[in-house]
Amino acid sequence: MNSLLSQDVPLSWYLLLSAVLFSLGIAGFLIKRNLITVFMSIELMLNAVNLSFVTFAHQWHEVKGQIFVFFVMMVAAAEAAVGLAIIIAVFRARATLAVDRIDLMKL
Amino acid sequence: MNAPLYLWLIPALPFAGFLINGLLGRRLPKWLVTTVALLAPLAAFGVVLNAALSLFGFGPAVSSLPYLETCPISWINVGTLHIDFSFVLDQLSLVMLLVVTGVGFLIHIYSVGYMAHEEGYWRYFSYLNLFLFFMTVLVLAGNALLMFIGWEGVGLASYLLIGFYFQKTSAADAGKKAFIVNRIGDFGFLIGMFLLLANFGTLTFSEIAEKLAANPGWQGGILTVIALCLLLGATGKSAQLPLYIWLPDAMEGPTPVSALIHAATMVTAGVYMIARTHVLFDHSPFALSVVAIVGAATALFAATIALVQNDIKRVLAYSTISQLGYMFLGCGVAAYSASIFHLMTHAFFKALLFLAAGSVIHAIGGEQDLRKMGGLWKKLPVTFAVTTVGVLAIAGFFPFAGFFSKDAILYAAYVQGTSGKVLWFVGLVTALLTSFYMFRLWYLAFLGKSRSENKPHHSTPWSMLVPLVILGLLSICGGWIGIGRFAAFLTPSVGARPITAEESAPLELIISLGAVGVALLGWWLADIFYRQKPERPAQRAADFPVAYRVLANKYYVDEFYGATIVKPLLFGSRYVLGGFVDTAVLGGAAWLLGGTAKFSGALLQRWQSGNLRSYAAWLAAGAAAVLLFVVVPWSTVLASLSAIHFGVAGH
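Protein sequences, first through last, are from chains C and S.
Numbering-wise (the working numbering), the first sequence opens with residue 1 and increments by one.
Numbering-wise (the working numbering), the second sequence opens with residue 1001 and increments by one.
If you are wondering where the hints come from, they were derived from the structure by calculation, not from laboratory data.
These numbers come from a predicted model, not from an experiment.
Even for Gly, the Cβ is constructed at its ideal location relative to N, Cα and C.
A partial selection of chain S residues facing chain C, derived with a Cβ cut-off under 10 angstroms:
(1) S1609
(2) G1610
(3) L1612
(4) A1616
(5) A1617
Listed next, with one range per pair, are the computed distances between beta-carbon atoms:
(6) C/F70 <-> S/W1618: 29 to 39 angstroms
(7) C/R33 <-> S/S1642: 42 to 52 angstroms
(8) S/W1618 <-> C/V75: 18 to 28 angstroms
Use the sequences and the hints to build the structure in full.
Structure follows, in structure tokens:
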């Protein structure tokens, strides 16, 4: 199965997909106004990186890449919990999730 | 083997008194304050007396003067410069110490009565003890730097006591004036010390004298400069021309203070300092003649002003300036022992006169105007008697103290050739004026009809009378020792006066007779003016309106200094330094610094927009930059770029 995959789909495609996903994440992160969408963009970037980890791990027959993915997923889960909690708190306080209006850190 | 004399106790005791009264006096009962304040100078006087007695063969013998006492811990020890806390007792400092602690103690007693009902009784006595501490340090100092400590310290004490009634603007101003004018003199003293260090490498008086003795040919030059700098210091402290202006204003202080500090002791520090450093002056004839001229000019100048003053204390203040001028005159003709002799007798009779004036002022409720006194002899008989003694003494009548010392100075001046004759003549005219204005004071205050609205109401307490009587006795017999024996005693300290060919016993007698003659003349004139024809002074004043106005306004010297020095200084401080330097330059610089920070902050602030997406954009841009840096093989790129560059250069 693994060898089949490696034969059918070249490595560069996976990497290209990862890069596209990552770029989409960045674009969403920069452009989107809704805090939840921004948050989802971050998740997207993380998963893009996960994809390249898995690809390389497969390529080099190394288990380290896989392990890293677990790490990332675990951190992402924690981050999602904290991040969502913050978003809820922000929404309660300001009654909005528009990123441009959440600017309390400005002097 | 010298028996220990415990010289350090002499300043230490008044200092202890100062600490006790200064720190705790507010809470101590009055009798305790008085006890402490009186015990301190009494004990110090006892130590001095013990030293004097052992010197004269009573008690533990001191084989030789000068007696040196050095603190085992060195004060300044830098390179070749060694300065110790060293006290020197020699004939000169012994005489001075006896005067300072003795007269000082009497004035302390007097103050107990005089200040009895004043606010800040404890404060007054702590200052007075502080003054004695610094004054004895000044007198005992074995080197110029330690003397300078005392010198500055007595200035501080003087400032504090002149401004004792600090709620009165005029008193506070007078204190500041005294301090500031003295600073000008101190500046000269400091420069003199620096020059001493540079040229002698030491500030110890004995070492300076040794170095000069080793080089008898060293005359004038830098020595003149040093001597003149020291003279500037002395003119400040001793209220000589041109720095005398602070002393008349210093009369704002309580009267015992005027007696102690501004008549008997502190103002004579300049004379003492010249006598102490006399070797320098001896090696500079020019500086000596400057001293003589300053002294003679001051003596005459101040005496003329004293003629027309109406404030009893101001008359005495100008009289003090004039008598200090005599002392300078004596120093200027190298008759240091005659100067110190006059210093001593002057301390007796001028302290007496001031204390008597204080007793008058005290008795008639603070009135100081001579025109509102008169006829007090009946009401204040003791004061009248001692004032008469004081007046006779200062006028120079035989056999009162002032006669001997003033005569010694006049004689020493007369035998110094032609210039000496001029100095003698100025001194003689001054003696005439002195006699006149002192008898004027005497007539106006004590004789004639009373012109006072308020009757004498205070009875004079014994604490004020006893010092008056003792000082009165001293004013009578203080000069009986005679200049001959006194000078012989002082010679090891200040050297003998050079003997000139003109001297002879008959001449000395003639000079004495001349001095007494002018004193009588002055009395006679005062008698005409103020007893026989009381309308005369007003007539004379009307005859010479300009002269009278000039004298009454003290030659407009204060106004002159005000216009030439104070005004420009104030203008400079207010507009140049304050308006331009402070506001424009310093303020501008501070504003510029602050403005720059604020401006750059405003620029950088835009970065911190608080906008999440802009942060994200910067983050992304940064990540992209790092990526670019890592991914692009820069070394290859650079190599190929330089190859292109060299390729072009090769063509």
